[in-house]
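Got chain S; can you put chain B on it based on the hints?
Read top to bottom, the protein sequences are chains S and B.
Per the numbering used here, residue 125 is the first one in the first sequence, and the count goes up by one each step.
Per the numbering used here, residue 125 is the first one in the second sequence, and the count goes up by one each step.
Note that these hints are calculated values from the structure, not bench results.
Please note that the accuracy of each hint is not assured.
Subject to a maximum C-alpha distance of 30 Å in a straight line, what follows is the list of computed DSSO-like cross-link-like pairs (lysine-lysine) [unchecked claim]:
1. B:K270 x S:K367
2. B:K128 x B:K173
3. B:K367 x S:K270
Selected chain B positions facing chain S (in silico; Cβ < 8 Å) [to be verified]:
4. Q141
5. T143
6. P179
7. D207
8. L216
9. R222
10. P225
11. V231
12. I232
13. T239
14. S257
15. E266
16. A274
17. F280
18. R363
FRET-style restraints, in silico, Cβ to Cβ [claimed, not checked]:
19. B:N356 x S:W170: 42 to 50 Å
20. S:T178 x B:M125: 47 to 55 Å
21. B:A297 x S:R291: 42 to 50 Å
22. S:T178 x B:D260: 42 to 50 Å
23. S:E305 x B:E266: 20 to 28 Å
24. S:E322 x B:E266: 43 to 51 Å
25. B:A261 x S:T182: 21 to 29 Å
We treat Cβ as the ideally placed atom computed from N, Cα and C, and that holds for glycine.
2 protein chains.
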Amino acid sequence: MAGKIYVVGLGPGGPDQITPRGEAALAASDVLVGYTVYINLIRDRWPGKELVATPMTTEAQRCRLCLERALAGQTAAMVCGGDPGVYGMAGLIFQVCRDRPEVEIQVIPGVTAATAGAALLGAPLTHDFAVISLSDALTPWETIEKRLLAAAEGDFALCLYNPASRRRPDTLARAAALLLERLPGDRVCGLARMVGREGESWQLCTLRELGKAPADMFTTVFIGSSRTMVLNGRMVTPRGYEKRGEL
Amino acid sequence: MAGKIYVVGLGPGGPDQITPRGEAALAASDVLVGYTVYINLIRDRWPGKELVATPMTTEAQRCRLCLERALAGQTAAMVCGGDPGVYGMAGLIFQVCRDRPEVEIQVIPGVTAATAGAALLGAPLTHDFAVISLSDALTPWETIEKRLLAAAEGDFALCLYNPASRRRPDTLARAAALLLERLPGDRVCGLARMVGREGESWQLCTLRELGKAPADMFTTVFIGSSRTMVLNGRMVTPRGYEKRGEL
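So here's chain S without its partners, still in its complex pose (with noise of 0.2 Å):
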């Protein structure tokens, strides 16, 4: 009989950041496979699990790892950073296994980078928003330019994953740069960094600074929509409840 696949968002980092959900399928594995970053986050806390570790751009093979165990009738954890299903293994995992519907895939959500830094820099995301990665190493660049585009043009709150890295240094500058042909200097942005980890920070800036910001593969950025404000010192989006005139 095959085994099943769980999916599990560790959450930010912390071991106070997982649910008790993710904690549970984690324990009822027989092997936890990820990406060496997050595998070595829970490492002390499974002493005698199985553990594989696999580098990045190995993702494939991490998911037919997990298929392979599953067929031979074990239970296999694969283990995420924030969301398995943002940016994450969830979508792959289904990919991997399309031929072999006798796995059984559950998928377990964790607090993902966008709601994790949210909380840290205030409440950017309080209304809509849009979610844009800037690695365009499985994406063709002008797709990320149209959807910062068209985020710019339905004034949507915005919250990038992967901003930076050693290979593209200057994404993050490029956006800001293709943002302020349609936005003003000032609209309100902030930077999240290791959220829920050793090292976290944050700040804000304007728009007309984000491209000179510091940001890399550990940074969560977040550009306010019209109405994003600065309140004490914290990052604000409200929802709207000042028209009841409640406030």
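Leaving out everything else, chain B in the frame of chain S:
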């Protein structure tokens, strides 16, 4: 000395869906304040704790109560379903406390309906996506329409909160009709209802069928991007790994 306000996300509902960090904040609070539905979800878990449940549409009053308690030196927890920063109370708390910078506000993120519902359906949000509330209680319907069209223009996967209610039974149908002017009728869609609670259910349909699908305030709706597909009965938006030739 002024007290503190925690704004805590319960996640989708069950006690196994809140993070240990959120649970610790509830434990550390003198009073738990929230919308009746959410207070009822946790009532049995906090015997002896002061609980204040207030009905919908009294949001500002609810936030002011937290502020009053904090000014009196207490620690108050504003309890929200899902994540407090996504259509939750985080923004309003900062607004209500804008003249009282001495009150510390800490937002504790939770699993929001977008990712909890996505996990149930498969992996519809694994690539770029936009989140829009269809409630026109605080947002003009013209703004909602503008954002729906911008999201379609940007080929985002879409997640819709508050798709319909007793007061506005037709908003999902109106949104679907509008999107059908720009998107093909066979675009993959999905609905998740009562996620993480008793009576949880989900279904897939096409955009053509979406306007007649059953939706209420406990439903979260997903509309795929041009790349979203159905794999073994689940809704999946691939991230693009197949381009690496690994699949």
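Going down the list of hints, with the structure as the test:
At roughly 20 Å between alpha-carbon atoms, K270 of chain B and K367 of chain S fall within 30 Å of each other, so this suggested pair holds. Distance restraint check for K128 of chain B and K173 of chain B: the Cα-Cα separation of roughly 17 Å lies within the 30 Å cut-off, and the hinted pair is therefore satisfied. For the proposed pair K367 of chain B and K270 of chain S, the alpha carbon gap of about 20 Å is at most 30 Å, so the pair holds. Here the hint on Q141 of chain B is kept, as its CB sits about 5 Å from the closest CB of chain S, short of 8 Å.
The interface hint given for T143 of chain B holds, since its Cβ lies 5 Å from the closest Cβ of chain S, which is under the 8 Å cut-off. Among the interface hints, the one on P179 of chain B is violated; its C-beta lies about 14 Å from the nearest C-beta in chain S, farther than the 8 Å criterion. For D207 of chain B, the interface hint holds, the least distance from its beta-carbon to any beta-carbon of chain S being 4 Å, beneath 8 Å. With a least beta-carbon distance of about 5 Å to chain S, the hint placing L216 of chain B at the interface is held under the 8 Å criterion.
Contact between R222 of chain B and chain S, as hinted, is supported at the beta carbon level, the nearest pair being about 5 Å apart and thus within 8 Å. Taken as an interface hint, P225 of chain B checks out: its beta carbon lies about 5 Å from the nearest beta carbon of chain S, inside 8 Å. At a threshold of 8 Å, the smallest CB-CB gap from V231 of chain B to chain S is about 4 Å, leaving the interface hint in force. Interface restraint check: I232 of chain B against chain S, minimum CB-CB distance 7 Å, threshold 8 Å, status holds.
With its C-beta approaching chain S no nearer than about 4 Å, T239 of chain B sits inside the 8 Å limit, and its interface hint holds. For S257 of chain B, the suggested interface contact is upheld, since its CB lies about 6 Å from the closest CB of chain S, less than 8 Å. Taken as an interface hint, E266 of chain B does not check out: its beta carbon lies about 12 Å from the nearest beta carbon of chain S, beyond 8 Å. Interface hint at A274 of chain B: satisfied, since its Cβ lies 3 Å from the closest Cβ of chain S, which is below the 8 Å cut-off.
The beta carbon of F280 of chain B comes within 6 Å of a beta carbon in chain S, closer than 8 Å, and the hint placing it at the interface holds. At about 5 Å, the closest approach between the beta carbon of R363 of chain B and any beta carbon in chain S falls short of 8 Å, and the interface hint on this residue holds. The hinted window of 42 to 50 Å between N356 of chain B and W170 of chain S is violated, with their beta carbons roughly 29 Å apart. Roughly 50 Å separates the CB atoms of T178 of chain S and M125 of chain B, a value that falls within the hinted 47 to 55 Å.
For A297 of chain B and R291 of chain S, the Cβ-Cβ distance of about 46 Å falls inside the hinted range of 42 to 50 Å, so the restraint holds. For the pair T178 of chain S and D260 of chain B, the beta carbons lie near 47 Å from each other, so the given range of 42 to 50 Å is met. Checked against the hint of 20 to 28 Å, the pair E305 of chain S and E266 of chain B passes, with Cβ atoms roughly 24 Å apart. Range check, E322 of chain S to E266 of chain B: about 46 Å between beta-carbon atoms, so the 43 to 51 Å window is met.
Between A261 of chain B and T182 of chain S the Cβ separation comes to about 48 Å, which falls outside the hinted range of 21 to 29 Å.
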